[in-house]
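Produce the complete structure using the sequences and hints provided.
Quick note, the sequences are listed as chains A and B, same order.
Under the numbering used here, think of the first position of the first sequence as 1, with each following residue one higher.
Under the numbering used here, think of the first position of the second sequence as 1, with each following residue one higher.
Keep in mind the hints are simulated off the structure, nothing from the lab.
C-beta: ideal position from N, C-alpha, C; glycine also.
One should not assume that every hint holds.
Stated by the list, open to error - Computed footprint of chain B on chain A, listed as stretches where at least three residues anywhere in the stretch have a Cβ under 8 Å from a Cβ of chain B:
#, region
1, 6-16
2, 41-53
3, 61-75
4, 84-98
What the hints assert, rightly or not - Looking from chain A toward chain B, a few residues come up when the C-beta cut is under 10 Å (computed):
#, residue
5, Gly-79
6, Ser-101
7, Asn-102
8, Leu-111
9, Val-112
10, Gly-114
11, Leu-128
12, Lys-132
13, Met-135
As the list claims (entries may be wrong) - Quick list of the computed label-pair ranges, beta carbon to beta carbon:
#, chain 1, residue 1, chain 2, residue 2, range
14, B, Asn-90, A, Pro-59, 56 to 62 Å
15, B, Glu-137, A, Pro-45, 25 to 31 Å
16, B, Gly-88, A, Leu-128, 29 to 35 Å
If you want the building blocks of each chain, they are given just below.
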Amino acid sequence: MSATAARPRPKIDPINRGFWENARAGILSVQTCDNCRDVHFPGSPVCPRCLSGDQSWTPVSGRGTLLSWVRFHRAYWDGFRAELPYLVCLVGLEEGPLLISNILETDPEKLVIGSPVEAVFETVDEELTLPKFRMRG
Amino acid sequence: MSSPVPARAMRHPNPRNRRAAAVVGVGHTDWVRDWARCRNGERPNDSYGYALEALRNALADAKIGRDEVDGLIAGPTTAYERLGELSGINPRWGDQADAVLAVAQAVMAIEAGYAEVVALVYGNDQRSVGTQYGGPEAMGGNAFLSYVYHSPWGFTSQGALYALTLQSYKHARGFTEAEMGEVSVAQRGWSALNPNAIMRKRITLEDYLASHFVCEPLHLFDYCLINDGGVALIIAEAERAKRMTDRPVFIEGVGRFDLNRGATSLEPRIDDFYLPAQQSAAAQSYAVSGLGPKDMDILQVYDSFSVHVPLALEGYGYCAVGEAGKFLRESRIGPGGRLPLNTSGGHLSETYMQGWAHQIECVRQLRGECGERQVAGARHAHYTSDVAGKCFSVIYGR
Numbered sequence: 001m002s003a004t005a006a007r008p009r010p011k012i013d014p015i016n017r018g019f020w021e022n023a024r025a026g027i028l029s030v031q032t033c034d035n036c037r038d039v040h041f042p043g044s045p046v047c048p049r050c051l052s053g054d055q056s057w058t059p060v061s062g063r064g065t066l067l068s069w070v071r072f073h074r075a076y077w078d079g080f081r082a083e084l085p086y087l088v089c090l091v092g093l094e095e096g097p098l099l100i101s102n103i104l105e106t107d108p109e110k111l112v113i114g115s116p117v118e119a120v121f122e123t124v125d126e127e128l129t130l131p132k133f134r135m136r137g
Numbered sequence: 001m002s003s004p005v006p007a008r009a010m011r012h013p014n015p016r017n018r019r020a021a022a023v024v025g026v027g028h029t030d031w032v033r034d035w036a037r038c039r040n041g042e043r044p045n046d047s048y049g050y051a052l053e054a055l056r057n058a059l060a061d062a063k064i065g066r067d068e069v070d071g072l073i074a075g076p077t078t079a080y081e082r083l084g085e086l087s088g089i090n091p092r093w094g095d096q097a098d099a100v101l102a103v104a105q106a107v108m109a110i111e112a113g114y115a116e117v118v119a120l121v122y123g124n125d126q127r128s129v130g131t132q133y134g135g136p137e138a139m140g141g142n143a144f145l146s147y148v149y150h151s152p153w154g155f156t157s158q159g160a161l162y163a164l165t166l167q168s169y170k171h172a173r174g175f176t177e178a179e180m181g182e183v184s185v186a187q188r189g190w191s192a193l194n195p196n197a198i199m200r201k202r203i204t205l206e207d208y209l210a211s212h213f214v215c216e217p218l219h220l221f222d223y224c225l226i227n228d229g230g231v232a233l234i235i236a237e238a239e240r241a242k243r244m245t246d247r248p249v250f251i252e253g254v255g256r257f258d259l260n261r262g263a264t265s266l267e268p269r270i271d272d273f274y275l276p277a278q279q280s281a282a283a284q285s286y287a288v289s290g291l292g293p294k295d296m297d298i299l300q301v302y303d304s305f306s307v308h309v310p311l312a313l314e315g316y317g318y319c320a321v322g323e324a325g326k327f328l329r330e331s332r333i334g335p336g337g338r339l340p341l342n343t344s345g346g347h348l349s350e351t352y353m354q355g356w357a358h359q360i361e362c363v364r365q366l367r368g369e370c371g372e373r374q375v376a377g378a379r380h381a382h383y384t385s386d387v388a389g390k391c392f393s394v395i396y397g398r
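If you want it as structure tokens, here you go:
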């Protein structure tokens, strides 16, 4: 495997740019259709509900529910090797869309599916901030 | 949690394709030999070479010459035109498809009159060329967004998608780690009886539980092999098939339903574990064939990861929703069990031919050619898959 030293960075394109710009400002956002108000993630070129091309990245509460989690025991990138084993979660936002992220928790016993979680922001460098989650309450 | 079968699917029970076509020949490569050669640093063949070796064996099994073939379907890793060139086949109908779609398209082409004898040909050199199913060089990474979209958080690989599914499924249904282990233990029980299987050493539940995690909650033994090989089938129009062989294996019914919405954020996997799509595909194929789970002597489940099996048991109606764990503990799916499942050892233990080898295992079981692992008197074999949201049900009968 040609693992790279660095961690993978998001491929920023015209569709997802708004999400990553908001994240740098500490705002979690989902794509919202200006026509039918459908909210979804990840972004898409047209609204999957009404096929309108008019869409915006709108802030969400950052609150959600832990839907599932896994723990990686193998590094597919060298940049994650020091973190092994590391946790990845699937969160269902209060507003509806589902997000893959990391959960800031070290004890898997505490990762009870259905528990409330909230977004936090991890600054990687000047250009990239990653939204992550922690257990709430 | 269980959703009703989508009404749209029920209005189209595909009533015509029952016994429209039959398998008249099957062939494969010697993947046990090639596994050893790959481990020795050799590159025995490329995808085309494996595909053509399998085609030669399938034609010999059907006792026909290449010139009788008037339809050609190439598997996903070989370009259709090149495979046609190398096999010397100029068909009047052709296509490119994965395993189960290839079977469905062969039946459709035959039923529609576009072809009478279709060769379905697959080869894959994934072991010797180091095909990756996760990470920066993941196969299909550009096409399948979920492979790469989540990589900034370190989430990648097919295994991780199924690990996430299993974690959620364990919570929703009360499914346990030991119940999951029943699958790989049972399939090793089958592969131990199969001279064509790569992994033949029996394992116990204790071995399973002690094995390391790759992407937790999936253990090493929950993952499929990655090996080189090829598989081919010859499918003919039913009346012609009866003239060609005295042991045709008919396709009794096909059903399909797909869940694409929300695929990248994994909604269809997590919300209901593909259940509505599986139920719809099952209902279509049961309506066409007039058969149901109780009529099946053998179940073959696409098993890139062991978690496919409990999902299939519930989705295709072999047990009530939420009872797959109990079914695995009490009914047993290994040799001597109540429901013989993945009788070759499947992707976990025989060979990872991406669903293709499951088709020929159905055929060979119904022909009674399976030696020590033969299911006595088998009349119907059911193949199910749920891959990337595409749920399929194919019923074979003799």
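Return the numbers of the hints above that this structure violates; sort them in rising order.
Those not satisfied are hints 13 and 16.
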